[in-house]
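Q: Spelled out from the first residue to the last, the chains are:
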Amino acid sequence: MSLLITDLHKTFDTTSALRGVTFELPEGQIGALLGPSGGGKSTLLEIIAGLQSPDRGDVRWQGRSLLTIPPHRRGVGMVFQDYALFPHMNVFDNVAFGLRMAHLPPDEIRQRVSEVLDLVGLGNFKRRNVTTLSGGEQQRVALARALAPRPALLLLDEPLGALDRALRERLLVDLRHILRALRQTALYVTHDQEEAFTLADRVILLREGQVAQQGSPHEIYHAPADAFVARFLGMENIFEGQVIPQGEAWGIRTPFGVFPIPGVGAPPAGRVRFLLRPDGFTLTPGSPGSLEGVLREVSFRGMRQRVVVQVDGEHIQADFGARVVLPAVGARITLWFWPQEALQVLVG
Amino acid sequence: MNSPSVSTVRTVDRFQKFLAAAGWWFPPLAFLALFYAWPLARILSLSFARQGQYAPLFNALFSERTLHVLGFTFWQAALSTLLTLALGLPGAYLFSHYDFRFKGLFRALTGVPFVMPTLVVATAFDALLGPRGWVNLGLMSLLGLSRPPITFANTLTAILVAHVFYNTTIVLRMVGDFWERLSPRLTAAARTLGASRWRVLWHITLPLLSPAVLAAALLVFLFDFTSFGVVLVLGGPQYATLEVEIYYQTTGLFNLPLAASLSVLQLVCTLGLTVGYARLARRVTRPLEGQRVHHKLPRMRTWRTRLWGAALLTILSAWLFLPLGALAARSVVRLERDRAQFGTVQRGLTLDFYRMLNENPRRSLFYAPPATAVLVSLGYASATVLLSLALGLPAAWALARRENTFARWVDPLLMLPLGTSAVTLGLGFVVALNRPPLDLRASPLLIPLAHTLVAFPFVVRSLTPALHSIRPRLRYAAALLGASPRQVVRYIDFPLVGRAVLVAATFAFTISLGEFGATALLARPEYPTLPVAIYRFLSRPGGSNYGQALALSTILMLLTAAGMLLIERLRIAEVSEF
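First to last, the sequence lines map onto chains A and B. Take 1 as the starting number for the first sequence in the numbering used here and just add one per residue. Take 1 as the starting number for the second sequence in the numbering used here and just add one per residue.
Extracted from the complex, chain A is given alone in its bound form (with noise of 0.2 Å):
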C-alpha cells in the first residue's frame, strides 16, 4: 500500500530531466524530494500528476499503474508554487472546484468547503477575491482547494518557496499539523532542507535526474552517502585519505594525522574521501584528535556560529553554539574532535 516509482525516465528536447529515478513512499507519510533546482524535481511531480507523461518507468498507486488513467481520474492532488489559484473566482468558488467537478451535491460542497477552510484557519474567507489576498493566505487556499476532493495523494512544488522567511517557518508547522492530522500521503518538492527535515517522514534526495540518496531525516544527515549529499547539507570539510589496517579495526592517513575509521567492518580500500562534520568539534581539550590551526574567520548566525580555521594549508569549517568564546580571529586555535563522531568515509 505506497505510491511506487520505478525507473522513471523523461528527456527535453535534448536535455534529461529525469534518468532512472526509483523510490517508495508508504500510505500515509510524507514524503520530501529534495535537491537543487534543475534536478527534475517538478517534472517528477507532473509526471504523478499526469500533466507529463515519462519517456520510460511506471508510477503506481496501490499496486495499480496510473499511467494511463487522465490527470482528472487520478485522484491526485497538487499545491502549485505559483499557487494558480483562479483569479476570475472567490475563495469558495475556488475550493468548491473540484468538488464541483466531482458533481457533489451543493449542500455537501459547502458543508466541505467550510471544513477545508477552517482546516487551514480562513474559515471566514469565503467570499474574498483571491487576488486580494496575501502570499500566505493564496498558499492556504491554494492547500485548502488541493485537499478539497481527498486525494489519495497530495502534491506540493515547493509551496512555500515565494514567502518570507518567518511566514514560511509558521506555514511549514501549520501544513505539518494539518498533514499530520489528516494522514495524507504527500510527495513535497523543495530545495531547502530544512523545510524537508522539518516536515517528511522520509526524504528522496535528487540530483541531476537521479535519486542520491533516500532515508529519513535523521539518517541522511548523520550518514550522508557522497560528497554531493555532505555539501548540499552544508557539510564542506570533504578532504581525500588513505585507509590502513591499525590493529584489528582500520585507519585513515590524512593530511591532518592518522585517526581510527568509526564503525564495523571492512571500509573500501586505497584513496577515499572522508567527511569531518562541523558540528563534531569542541574547543574542549580531551578528546582523541585533535587539529592545531589559525582562527581565520568567524561568522555569527543566530544560534550557532561558524568558523573557519586553517591547518596546514586546508580550510576547516567548525560550527560552535553561540555562547562559546572563541580566540581573535588571527590567533591559534585547537580543535578537539572524537573520531568516530566526527569522521566519516563517504562511498562517492
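These are computed hints drawn from the structure, not numbers from a lab. Any given hint might turn out to be false.
Said to hold, decoys possible - Here are the simulated distance ranges between beta carbons:
#1 A:G28 - B:T305: 38 to 48 Å
#2 A:A223 - B:L312: 55 to 65 Å
#3 B:S210 - A:S16: 31 to 41 Å
Think of the CB as a built atom: it goes at the ideal place given N, C-alpha and C, for glycine as much as any other residue.
Guided by the hints, dock chain B onto chain A, whose structure is given.
A: Relative to the frame of chain A, chain B by itself:
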C-alpha cells in the same frame, strides 16, 4: 512654520514651473484646437444648423438611405469581426501554446498586413483574385474560358476577405499574448482537481480569456466600422459604409450638411466603441497576480497537432501573405490578352508598367506623369515628419514629466484624433479651413497638416516613454562615473531619445505615405499622392492603367515595409507603449 517670504518664493517658483509647462503645452494644444477641435465644431454646427423644419442631422437620421448605410456598416463590421475571430483565435492558440521553426519570423510577418495602406491591399487582392488577377487568368487559360470564372471585385466577400487580412494580426497579438501569459498551471490545477479538457476550457480558459477576446473583437470591429479604402475600391458602387457615404456626399454630390451629419453619426459610434475598448483594454493589461512564470513552449509532437498546425499556418500564410506576393509578382509580369488574337495570352517578365510611370502619353499639359505622385508623396511625408515632430516633441516632453493632474487630463485628449475617422478629419478640413483667416485650400501644407493630425498620437506615444525613461538618476549615475555634462547628453540622453525620435519620424513618414481617407477629400488633381494616383488608375479601364496601379502599389508597399522594418529594428524593447 514657513515664514511669509519662503511661501512667496514657493508661489513664484510654482508659477514659473507652470509657465514652463504651459510653454511646452502651447504648440500641440494650439494645433489640436485649430485643426481638430475647430473643424469638428464646424461639422457639428453644419449638421445642427436649422434648415426648414429640421436640422440636417435629423433629416439624415430619418432618411432611408442613411439607415441603410448605417445598417450595412454595422452588418459588414460584425461579419468581418466574426470571420477575423474564426481565423485569429486558432492562430492565437497555436502561437501561444507551441514553438515551431521560423515562429519569430512568421509572427513578425503577420504584422505586415496591418500596416499596409488600404490602396495597396485593395490592389493586392485585385492582383490575386480580380478579373485580371492570377487566379482568374490562370483558370481561364487552364480551362479555356473566355470570362473570368471567379467574381471577386465589387462583392461583399471581397470586403470581408480584405478586412480579415487586415485585422487577423490584432487577434493573434492581443489574444495570443494574453493566452501565453495565462499560467499553464491554472489549467494543470483544474485538471488535478478533476476537470476534463472540455470542462477546463469552459470553466477556466474561456472566462479568463474573455476580456482579451472581447477587447480584440471590439478593436477589430472599430477598424472594420471605419474602413474606407477597402470598401471604396473592393466593394464597388453598390456597397457604402458611413465613411464611403461621407466621401460620396462630399466629393460627388457636394452635400456638405449631409456629409457633416453622417460624420457626427460616425463620431458618436466610434466614440462609443473607443470608450468600450479602452475599458476592456485596461482589464487586459492588468497583470494577473503571481502568474508571471516563464515557461518554455513545447514543439508539436503528435501527428495530429502537426497536421493541424501545418494546415492553420498554410491558411494564415495564404490569406495574409499571398495577396502581397501576388501584387509584387503581377506588377512585373505581362498577362494581358492581346486584343487581336483572342484566347492567347502574352506572357513574360516586363518592367513596362514601371517604365510607363514616367511617361505622359498624350503630351497633356495638365497631366502629371505618375512618377510625380511618388515625389509628391515623399514631399508630403517629409513635411509631415517635420510638423509632427515639432508638435509631438513638446507634447511628449510635457507628458513625460507627468508632474501635475493637468497632464493626466490632457493625455487622452491628445489621443482623440486616433478615434476619429480619417474621412471625418478630411471633411472637417474641407468645411473649416475654407475662409480667411484660415483659408488653406490652396496651401501645400493642407495635406501634411491632415497627415500630422493622423500621425500625432503615434508620434507622441513613441516619444513619451523614451523621454520618460531619462530619469535624473541615470544622469546622476553617469555623472558619478565621471561623465561631463556634455558626455551625459551624448551617451545617455541622445541614445535614449535619438532612437525614439527616429521611430516617431518613421511612423509619421509611413502613415503619411499610405493615408487615403483624408487625402481623398483634400488632394488637388495636379498633386496626387501615391494612394490617390493608385485609386485613379484602378478606376480607369485598360491594361496599362491597371499595370501602372500595380507598379505604384508595389512601390508604396515596399516603402511602407521598409519603414516598418526600420521601426522594428530601432525600437528598444519595452520602451514603446505600442
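Q: Hint by hint, say whether it matches the structure.
A: Taking the hints in turn, this is what the structure says about them:
At roughly 40 Å, the beta-carbon separation of G28 of chain A and T305 of chain B lies within the given 38 to 48 Å, and the hint holds. The given range of 55 to 65 Å is respected by A223 of chain A and L312 of chain B, whose C-beta atoms sit roughly 57 Å from each other. Here the CB-CB span from S210 of chain B to S16 of chain A is close to 40 Å, well matched to the stated 31 to 41 Å.
The structure is consistent with each of the numbered hints, conforming to all of them.
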